[in-house]
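Heads up: the protein sequence lines correspond to chains B and X, in order.
Using my numbering, read the first sequence as starting at 1 and increasing by one per residue.
Using my numbering, read the second sequence as starting at 1001 and increasing by one per residue.
Don't take every hint at face value.
Stated by the list, open to error - Ranges of calculated distance between the beta carbons of each label pair, as one might list FRET restraints:
1) B:Ala243 - X:Ser1164: 50 to 56 Å
2) B:Glu160 - X:Gln1241: 44 to 50 Å
3) X:Phe1185 - B:Tyr111: 51 to 57 Å
4) X:Phe1185 - B:Tyr250: 31 to 37 Å
5) X:Tyr1013 - B:Ile3: 54 to 60 Å
As the list claims (entries may be wrong) - List time: in silico DSS-like cross-link candidates among lysine-lysine, alpha-carbon distance up to 27 Å:
6) B:Lys167 - X:Lys1249
7) X:Lys1183 - B:Lys197
8) X:Lys1118 - B:Lys11
9) X:Lys1092 - X:Lys1069
10) B:Lys167 - X:Lys1005
11) B:Lys43 - X:Lys1183
Stated by the list, open to error - For the chain B half of the interface with chain X, some residues (derived, Cβ under 10 Å), not all of them:
12) Ile126
13) Val153
14) Thr156
15) Ala174
16) Ala183
17) Pro186
18) Phe189
19) Thr191
20) Glu257
21) Ile261
These are computed hints drawn from the structure, not numbers from a lab.
Positions of the beta carbon are idealized from the N, C-alpha and C atoms, including for glycine.
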Amino acid sequence: MNIEQLHNQYKTSLKKENRLIRFYQILIFIVFFSSWELFSRMKWIDPLIFSSPSKVWHLFIQKLGDGTLLSHSGVTLFETVLGFIIGTLLGTVLASLLWWSPRLSRTLDPYLVILNAMPKVALGPIIIVAFGPGFPSIISMGAIISIIITTIVVYTAFREVDPNYLKVLQTFGATRAQSFREAILPACFPTIISTLKVNVGLSWVGVIVGEFLVSAKGLGYLIIYGFQVFNFTLVMLALMIIAVFATIMYQLVELLERKLIKD
Amino acid sequence: MSFLKIQDIHHTYFSNQTAATALADISLDIEKGEFVSFLGPSGCGKTTLLSIIAGLFPPTSGKILLEDKPLNADSDLSIGYMLQQDYLFPWKTIEENVLLGLKLINKDEGLERIKTLKLLSDVGLGGTGKLYPRELSGGMRQRAALARTLAVDPKILLLDEPFSALDYQTKLKLEDLVFETLKSFGKTAVLVTHDIGEAIAMSDRIHLFSANPGSLHKTFEVPDELRELTPFHARNHPQYQILFQTIWKELESLEY
């Protein structure tokens, strides 16, 4: 009969809907940047503070040409990726330790609550004094901001794994390490991935704040420098680049998610 | 000497407020190759007893001897345990799931592997090895769980209501499959159930438990005519109805 026809109709309507969504997304993009440009040129907003897309673009080309942009972005990207990886990894390791020893977990519980509630960027000055003004401090800032929340979220996920999976392993005589490897960790991959997504954002916060405080290089430095010399085009440029990089990192995590999680 | 000897088992669960005795004074023997059922109302401690036999936790007092040796004295896998649901690991393929027990003792290569994959086709799951559990029906998943349990070649199989989560038709088919598979491998098995019919159709002997505290109330021998039949055919035998009525009355009397 016309099942095939109906199916095709359904597919066309689906495609139409998708195209419509894409259209609106592009529309928002165009409207945002063109009105920014327009408002700035018409002086409806202060062009000194809000700059304009064309000025940002020119600065981008210029900074790209003299190589400074690449080196600043490279530094920040390196610090963020490293901080992100260290934070997530240490957080997961800490969560594993807590799972391993319920006594340790009960003992540390109030301290974790305190550390989690505490604004980590406030530790900035201490970190800088401890590690010196440079890479190590900034990477530590990127890591420390995500480590405790990772620990708490991942540990909670570890504990919520269906105990019957452990029962299966226990009847096979599995050791605690084997139970961890075969059941706890793989069962929690989805949670770990979703903390990765949160940590992408957090690491950027840590690194940018770290660069505000000490650095002579990086996108955070460009923002502070631009602010001090009242060059807001530079600030906007740095912000744009951060937005692009953060999005790319997020997309990479999603790619990893699709690779790792088959359900 | 008995194959599995359960001696004076007492078990009490402790919590901050209460100490609840789940099992009191349980002693029974199971011979090699026998199929025994623990039947009783919920809360009679039958699953607790099964967990103790499986070595999941020690009893408050009493002991369990398998071939005259205390359980867990040696680390080889003498116990196979099947749960109410299959609990196949969703991130592993059927093949990886079935090989799990062997993997834990580093024996999932070579001959053992081939034997295990043969087991998979014995339970009617040939060709599903590369699939994930979610791609299988409930009955198929429980069959895979059976293969996983048998893969480590346990001396005794503990079945904790393994058919209770299945629809009736699948349940009947699986009862036959489990029955025949265990008979052909000559395995000893203990089935925990609250289904009188299932207990009669599958077992050689039925231990009826009463609750508060869980204790052994009465033991029924299943007549030879029924033992030789597969569960499906046993259900149609006149002797089945007679035994069903006897156990039914006994269970009713327990409630008051």
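These are the hints, each one checked on the structure:
no. : hint                             : verdict
1   : B:Ala243 - X:Ser1164: 50 to 56 Å : holds, 54 Å
2   : B:Glu160 - X:Gln1241: 44 to 50 Å : holds, 47 Å
3   : X:Phe1185 - B:Tyr111: 51 to 57 Å : holds, 54 Å
4   : X:Phe1185 - B:Tyr250: 31 to 37 Å : violated, 53 Å
5   : X:Tyr1013 - B:Ile3: 54 to 60 Å   : holds, 59 Å
6   : B:Lys167 - X:Lys1249             : violated, 35 Å
7   : X:Lys1183 - B:Lys197             : violated, 53 Å
8   : X:Lys1118 - B:Lys11              : violated, 44 Å
9   : X:Lys1092 - X:Lys1069            : violated, 35 Å
10  : B:Lys167 - X:Lys1005             : holds, 23 Å
11  : B:Lys43 - X:Lys1183              : violated, 90 Å
12  : Ile126                           : violated, 41 Å
13  : Val153                           : violated, 20 Å
14  : Thr156                           : violated, 19 Å
15  : Ala174                           : holds, 5 Å
16  : Ala183                           : holds, 7 Å
17  : Pro186                           : holds, 5 Å
18  : Phe189                           : holds, 7 Å
19  : Thr191                           : violated, 13 Å
20  : Glu257                           : violated, 14 Å
21  : Ile261                           : holds, 8 Å
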